[in-house]
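Protein chains in written order, with this note's numbering: chain R, 1 to 300; chain G, 301 to 464.
Hints listed in this document are in silico derivations from the structure and should not be mistaken for laboratory results.
Wrong hints could be hidden among the right ones.
[What the hints assert, rightly or not] Going by beta-carbon spacing under 8 Å, a handful of chain R positions derived as facing chain G:
| # | residue |
| --- | --- |
| 1 | Ala39 |
| 2 | Tyr43 |
| 3 | Val163 |
| 4 | Lys178 |
| 5 | Leu181 |
| 6 | Pro182 |
| 7 | Pro289 |
| 8 | Glu293 |
[Unchecked claim] In silico DSS-like cross-links for lysine-lysine, where the CA-CA straight-line distance does not exceed 30 Å:
| # | chain 1 | residue 1 | chain 2 | residue 2 |
| --- | --- | --- | --- | --- |
| 9 | R | Lys178 | R | Lys217 |
| 10 | R | Lys150 | R | Lys34 |
| 11 | R | Lys278 | R | Lys219 |
| 12 | R | Lys2 | G | Lys332 |
| 13 | R | Lys148 | R | Lys178 |
| 14 | R | Lys99 | R | Lys248 |
| 15 | R | Lys3 | R | Lys178 |
| 16 | R | Lys150 | G | Lys437 |
| 17 | R | Lys232 | G | Lys332 |
| 18 | R | Lys128 | R | Lys265 |
| 19 | G | Lys437 | R | Lys265 |
| 20 | R | Lys265 | R | Lys150 |
| 21 | G | Lys417 | R | Lys3 |
| 22 | G | Lys332 | G | Lys437 |
| 23 | R | Lys234 | G | Lys340 |
| 24 | R | Lys240 | R | Lys211 |
| 25 | R | Lys150 | R | Lys240 |
| 26 | R | Lys240 | G | Lys332 |
| 27 | R | Lys99 | R | Lys217 |
Keep in mind the model is a prediction, meaning the values are calculated, not measured.
Note that the Cβ used here is the ideal one computed from N, Cα and C, for glycine as well.
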Amino acid sequence: MKKFILRILMFAGLIAAIDFIFGNAMNYMHDHSKGGGMAKRLYMAREAEDEIMLFGSSRMNHHYNPMILEDSLGLTCFNAGQDGNGIIMSYGFLEMMLKRYKPSLIVYDLSEFDFTVGDNMKYISLLKPYYSEPSIQEIITDISPMDKYKMMCSMYKYNSLVVRILGSYISSSSEYQKGYLPLGGTMDYDVDDPVENAPMMDSVKVKYLRKFVELCKAKDVELVFSLSPRYKAKDSSYYKSVKEMILKMNVPFLDNYSNPVFCNKRDLFQDQIHMNSKGADEYTRYLVPYLREYIKCDKE
Amino acid sequence: MATFLVSGLWHGANWTFVIWGALHGLFQIVEKALFEDTIKKEIKQGKNKLTAIRVFRILITFNIVSLAWIFFRMPTLKDALAFIFNIIFEFGSFHLAPLDIISITSLGVALPLLILKDVHDEYFVGKNNEIEAPWLKWIFYIIVFCIMISMGVLDSGQFIYVNF
Numbered sequence: 001m002k003k004f005i006l007r008i009l010m011f012a013g014l015i016a017a018i019d020f021i022f023g024n025a026m027n028y029m030h031d032h033s034k035g036g037g038m039a040k041r042l043y044m045a046r047e048a049e050d051e052i053m054l055f056g057s058s059r060m061n062h063h064y065n066p067m068i069l070e071d072s073l074g075l076t077c078f079n080a081g082q083d084g085n086g087i088i089m090s091y092g093f094l095e096m097m098l099k100r101y102k103p104s105l106i107v108y109d110l111s112e113f114d115f116t117v118g119d120n121m122k123y124i125s126l127l128k129p130y131y132s133e134p135s136i137q138e139i140i141t142d143i144s145p146m147d148k149y150k151m152m153c154s155m156y157k158y159n160s161l162v163v164r165i166l167g168s169y170i171s172s173s174s175e176y177q178k179g180y181l182p183l184g185g186t187m188d189y190d191v192d193d194p195v196e197n198a199p200m201m202d203s204v205k206v207k208y209l210r211k212f213v214e215l216c217k218a219k220d221v222e223l224v225f226s227l228s229p230r231y232k233a234k235d236s237s238y239y240k241s242v243k244e245m246i247l248k249m250n251v252p253f254l255d256n257y258s259n260p261v262f263c264n265k266r267d268l269f270q271d272q273i274h275m276n277s278k279g280a281d282e283y284t285r286y287l288v289p290y291l292r293e294y295i296k297c298d299k300e
Numbered sequence: 301m302a303t304f305l306v307s308g309l310w311h312g313a314n315w316t317f318v319i320w321g322a323l324h325g326l327f328q329i330v331e332k333a334l335f336e337d338t339i340k341k342e343i344k345q346g347k348n349k350l351t352a353i354r355v356f357r358i359l360i361t362f363n364i365v366s367l368a369w370i371f372f373r374m375p376t377l378k379d380a381l382a383f384i385f386n387i388i389f390e391f392g393s394f395h396l397a398p399l400d401i402i403s404i405t406s407l408g409v410a411l412p413l414l415i416l417k418d419v420h421d422e423y424f425v426g427k428n429n430e431i432e433a434p435w436l437k438w439i440f441y442i443i444v445f446c447i448m449i450s451m452g453v454l455d456s457g458q459f460i461y462v463n464f
């Protein structure tokens, strides 16, 4: 029995030592990411000082061309959209950004990841490398209280990110253009009209939506919510509840979800949810005069 | 068939899961009815060489299992059938996404492991594979533990069955 306990302690000690070395190596490689999504998020967290910041899910990532906004509005712009993510992750990065600087305008493209019921654990995985930030610790332990203890283990902290960090450290290649990821394909099939049943609101996500708005107001940052087009959308009734909530908070809302200028043109979409680069360029240009209204006067 | 129908239904109260299970049940029945003796003979003779017949069987298995997955993943039966219809009748463009650095890195990690496994299966099957040296055993346990923690499915965010 004594020998067994000794072996367990030795095993734990070795694991702790390896974890320490692993953690330091991962921290170094993460903080020196050169390409890909890791470098994009590192820029967002530690360096970005763009005057216009764009937040949201893949629909932001692929629908808003920051170069067009820069040329038209005369302000620097960065697309902080992240595939498969929503308000929880965005709020984390917003906290880190606003600690360093104040953008003139934030545009948030709304998606189902921002308010519908679903597992919230997946939205914190890309925040974990930034756990040293108190604001990120708060978000992670709010979503997953046990993570307070699990995050002491570096291997857990970087779970499922090892290959991505390795790749981003080795190569500086990146498909991103100021955070924007253009989609090249075009829909060569047709689909039925989308049937979107009224969603159940997720109280945690709604909480972070409110916090996002409140933080922007507290820092005096102009915030606009947006709904970009969806192929064959008849209306934006799916977003009715969340849109009403946002409007009640006195935040402007640009609703182009079922805009006929875009929604019936298959050549502007790569699939029924995502516009391709041609669609993104046309949509971004369309938005320019509307966004211009919200740029703070002292920046014009 | 009963086993596979129940296994399909376990995944959710949707006809797509029932059909997925039923397809697997059907494939099993067909295989046992037509090829059971052949397979038993091959196992007895220890045949694991890659013959043309074996390649053909691997391809067939891969394709029919992929077909069944369409039913598993689509939200409704109508969507699954529309998907299959499009595979057969709608000839869209062939689009291969360029490999990004993450995919290349993943392949760089996964391919050597795959090759190692194939070499082991080809040349070391049947031989005594047990690690004897205690220090080697410890290294093995530590590596497995570290891989589990750093790459394993540890939370519901990654667990594909979380919705069931």
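Hints versus structure:
1. Ala39: violated (10 Å)
2. Tyr43: Since chain G brings no Cβ nearer than about 17 Å to R:Tyr43, farther than 8 Å, the hint is violated.
3. Val163: With a minimum Cβ separation of about 5 Å from chain G (threshold 8 Å), the hint on R:Val163 holds.
4. Lys178: violated (18 Å)
5. Leu181: violated (11 Å)
6. Pro182: violated (13 Å)
7. Pro289: violated (35 Å)
8. Glu293: It is violated, given that the least Cβ distance between R:Glu293 and chain G is near 38 Å, above 8 Å.
9. R:Lys178 - R:Lys217: holds (26 Å)
10. R:Lys150 - R:Lys34: holds (28 Å)
11. R:Lys278 - R:Lys219: Answer violated: R:Lys278 to R:Lys219 is near 35 Å, above 30 Å.
12. R:Lys2 - G:Lys332: Not satisfied, since the Cα-Cα distance of roughly 53 Å exceeds 30 Å.
13. R:Lys148 - R:Lys178: Measuring from Cα to Cα gives roughly 34 Å; hence the hint is violated.
14. R:Lys99 - R:Lys248: holds (27 Å)
15. R:Lys3 - R:Lys178: violated (58 Å)
16. R:Lys150 - G:Lys437: Holds, at roughly 27 Å.
17. R:Lys232 - G:Lys332: violated (47 Å)
18. R:Lys128 - R:Lys265: Not satisfied, since the Cα-Cα distance of roughly 40 Å exceeds 30 Å.
19. G:Lys437 - R:Lys265: With Cα atoms ~62 Å apart, G:Lys437 and R:Lys265 exceed 30 Å; violated.
20. R:Lys265 - R:Lys150: violated (48 Å)
21. G:Lys417 - R:Lys3: Roughly 34 Å between the alpha carbons, so the hint for G:Lys417 and R:Lys3 is violated.
22. G:Lys332 - G:Lys437: Distance of about 41 Å is beyond 30 Å: violated.
23. R:Lys234 - G:Lys340: Given pair R:Lys234, G:Lys340 is violated - Cα atoms ~58 Å apart, limit 30 Å.
24. R:Lys240 - R:Lys211: holds (20 Å)
25. R:Lys150 - R:Lys240: Cα-Cα ~38 Å, so violated.
26. R:Lys240 - G:Lys332: Cα-Cα ~54 Å, so violated.
27. R:Lys99 - R:Lys217: holds (14 Å)
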